[in-house]
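J.: Both chains are given apart, each in its own frame, so use the hints to dock them into the complex.
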Amino acid sequence: MSGMVEKRGRGYWLTHAGLIGGVLVIFFPIYLAFVASTVSQPEIVRPPMPLIPGGHFFENYREALVSGINAPVARMLFNSTVMALGIALGKIVISILSAFAIVYFRFPFRQTFFWLIFLTLMLPVEVRIVPTYEVAANFGLLNSYPGLILPLIASATATFLFRQFFLTVPDELAEAARVDGAGPMRFFIDILLPMSRTNIAALFVILFIYGWNQYLWPLLITTDPQMNTIVMGIKQMFPSGDDIANWPVIMATAILAMLPPVAVVIFMQKLFIKGLIETEK
Amino acid sequence: MSTISLKSVRKSFGKTEVIHGIDVEVADGEFIVIVGPSGCGKSTVLRMVAGLETVTGGDIAIDGNRVNDLEPMERNIAMVFQNYALYPHMSVFDNMAYGLKIAGMPKAEIAERVQTAAKMLQLEEYLTRKPRQLSGGQRQRVAMGRAIVREPSAFLFDEPLSNLDAKLRVQMRLEIKQLQRSLGTTSLYVTHDQVEAMTLADRLIVMNAGVAEQIDTPMHVYEHPASIFVAGFIGSPSMNFLPAKIDTGRSTLSLESGANVSAEGLVLAAQSGREIIIGIRPEHLELASPDRADLTLHIAAVETLGADTLVHGSIAGAGVDGTKNASFAARLPGNARIAEGETLPLRIADGALHLFDRQSEKRIAEI
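Sequence order for the protein chains is E and L.
Under this note's numbering, the letters of the first sequence match residues 277 to 557, in that order.
Under this note's numbering, the letters of the second sequence match residues 33 to 399, in that order.
Just chain L, with the same shape it has in the complex (with noise of 0.2 angstroms):
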């Protein structure tokens, strides 16, 4: 039973200010990403909540007890590193019982604490090697078995994946999941892959310059993204976005390149002329004839993925990032048939229009 909130937490380094006040309630055995690019401030943020930084303003409270002063240690918290951590000179299982010899449980306490865990996570034969002798997998596990035993409030993940080639990441992404479920455990987790972030997370905090640009659930975050950064972030390959002008008379978003979009479905109020930005997911465009396509696609580069085929090209007409002309990506079916160099007549499906605002890249809400 633990609750994690942090209420408008900030970090400055120096002078600098890295973390923006951070407010974010984590519900009991809650499974919570931190994603976001490089820089951002998640894992600063992490190590917020584990004591390994100092907290600048802003309370963190674990089980509605405040801990900004509190070492790690007695916040009761457990921390699986990127690297591992692991100590080198010792076996598996002095690893994983270093923490509880420390707090000075009994010794037949601890070995049983690191048989289950060990059993659990496929370490038993594993107990007596040293760290060095083991593939990366294992490191893992045996670094997750050091958060196990110590059966804290919280797990704190700092990109624990990303030292693993991609076959054994999606395989540790389903154990850590299942073991997170099966535990019950309050979890942080951060890293910069989305699709982890997605497969794992209840909830998802995007996070962008030291700011938490979003916090909901993945299937919310993704169906409705709150900025430009988030819809770009999350989403591969990434959202497509055209400068647009709302035309209320028409009912339509008049594009640079000239071409209009129907806006159908979409209530736009008075808001005739407004400067806006839209987005459209690869995935919500489909091959459709000319006459009725929305945009024409001048294909640079087809990947064939198999079950999908993506399309890179561009759009006649400036892009955002002030580009004479805007790139642009679609997710086909793995069985259409397209050469690069032609030109594709492409359609957005019914209701996959994102809308934002030009100057706040804020999501607009269909009004």
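The following block holds chain E by itself, in its conformation from the complex (with noise of 0.2 angstroms):
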């Protein structure tokens, strides 16, 4: 008990007087960019720069929105979501069927393949970048939704981490199933799947918010402002030359694009964190 109580004490106003002030240090540029976003041109290239919300939100949030500095950024989110969305559902499809298949079916090379996917891991997407174009290019993928999504669509990590999740269930499990006559395709859908839920969700979150964050991708595979992804797009609203950056309408953009990965993490928050800690078996 006396040890509680001394937590109490100062160590741990200190411990929160820490994390507050790492809060607001991170927190303050975003709401820079939120004030920016809130404002009149002039009001932001005036010094000092406002620290207060201005009147001009509606105003700056529907220029964005509808029309954009090179399409509209209503556009740019779509193309975004429906490009985070391909890649992480695409991916935990991918990776769960292989891990699958590397589990639980003996097959010849079953090492190597498994090998094989494992050095991927060490190949990040930049490594292979040129050659990744040609082959897109080649199959007419370019500004297209499958330009964006196919060639990030494998994961090495995901398999991996579905195979050390399958190597935990049991084994008799399988072999229930097989008594009760379920085929591996049945066993996969009835079983294994339910069971690798709050693994499926924890690995949606990251892989959402790792499509949604792609840079360099995009800018290679697009040149259509149509199919500009909303990460990219912000840098394309830069002027190139001499011409003045509508900062309150790409600060809104920054904003925009910032809230749909946080929404993904608020709402699957709970069963994310279960699908890290939890081994339901």
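Among the clues, some could well be false.
[Claimed, not checked] When the alpha-carbon atoms are kept at most 25 angstroms apart in a straight line, the in silico BS3-like pairs for lysine-lysine are as follows:
1) K151/L to K133/L
2) K139/L to K162/L
3) K550/E to K162/L
4) K209/L to K139/L
5) K151/L to K199/L
6) K546/E to K162/L
I should point out that these hints are in silico values taken from the structure, not numbers from a laboratory.
T.: Written out as structure tokens, the structure is:
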């Protein structure tokens, strides 16, 4: 008991002060971006920088969403959503199936395939980006959703995670299902998939954010502003040369770009944490 | 109505043969227990019958149909696993119904069968629960229920009670026995626990190192063990063994210690000088006055169990395992007051000697 009381003393307040300080440091630039998205262009460029939200909130956001600078932000948000969902769901489907194959089936070169998949972990997108671009271009995937999604859809990390999870599922469960007459796919759908529910949720959160934050690949594969994703789109909004940047609209876009990943994290937080800590067997 | 027949069934993993040819005919409704130490291949035999392991050689037939190449489901068997293997995300009802659902049975009939089984197993109030909300005994019942609803030709049990505590094990043992009797389903049951084996079995298969050493009723296995292994494995504490020599001239068996044991009642033909091993069960020893004693036990430890008193110690003269003094145990009545460190004169009960050949370790039939 005395230990707990002690903890509630100075240390308790110090940790909280530290945490609150950290949050403020991280939050301040975001707040500045928000303030900038609610004032007018002349107000931003006139020093000192405004620190209190202005009265142009609806005006700026409407302009960003409807007309944007190169393309309407609503369009870019849609593109990003399609890409992030496609990558997250695609990665989950592909990796859970390949993990299923690697763990539950005996086929020639099984271990070789596993190590091949595992090796690709060491090659980030950037390393193979030129050949990947060549292949995607030859398939006519430039400026298309498949072009945005497919090259990023294989995931060694997720395959590895699912493999590790499947290895902890007792063999008797698969055997019981066999005795019950369930074929391999039936076992996968009826038993393995529901058991992986929390793992899938945790992976979805991570992969959605990964997909949403893709910058380099969309920059290469899309040239039509109508196909831009929002993360790269923000950069495209910066004027080249001596043009004046429309900062309020750019900042409004930045704030809008943040919202979907934040929403995903908030709504899936419970499942996400459960997926990382709990094993239900 | 179903029979199981194994004809010189063999199994190899790679180049290592682990099952060296098992033959057994299981009659309809019979409860067969396969018992043996860990690693003897008993589970492998069961899994071959279930169809979870391929058969390397020989034939397995259920109801006279060769099933070697059939999937587990097509063999119409149900299996109960050691760790229950319940589907963790399904309710008790769904766990029991899963096999029937796959078989495409109408929903009403599934519900009826599950209800009947649940009633039989006192699981009715738990049907909506998840396995993790149940106790070990209840999970075991669900696993049994899953087997019952299928109405299979045979139940296969793979050490189903080893995860339960001692008290529950005794209770579930009785329940399994009653259930099997009332359903009359042919059953194969694997265990390493000889008490389970003795109490449940119509017939026992005692396995050792991939070989069925003896297949017989529990009492016959106990009274006439076919080999030293069986004799030592069945019975607790296990049978005492002493090296001896047949001396027909005096119709006695001379022990290494120099003592002689009367072989009266045993007709030993002209086998004088044959080297044998004699086996005496601890419960077939009784206290005797020193002049009538066959053996003298130097007591090392006494275990008082209430009804019985177990006395452990040693007997002068080499043991079968090459030790200088043969270790020895006796089961005496609970009222015997015995202190550690004493010597104890013991008499062997009449007709209680088991004789084994020293080379082959097989039982010598009373010739």
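J.: All hints, please: hold or fail.
T.: So, going through the hints one by one against the coordinates:
no.	hint	result
1	K151/L to K133/L	holds (20 angstroms)
2	K139/L to K162/L	holds (20 angstroms)
3	K550/E to K162/L	holds (18 angstroms)
4	K209/L to K139/L	violated (30 angstroms)
5	K151/L to K199/L	holds (23 angstroms)
6	K546/E to K162/L	holds (21 angstroms)
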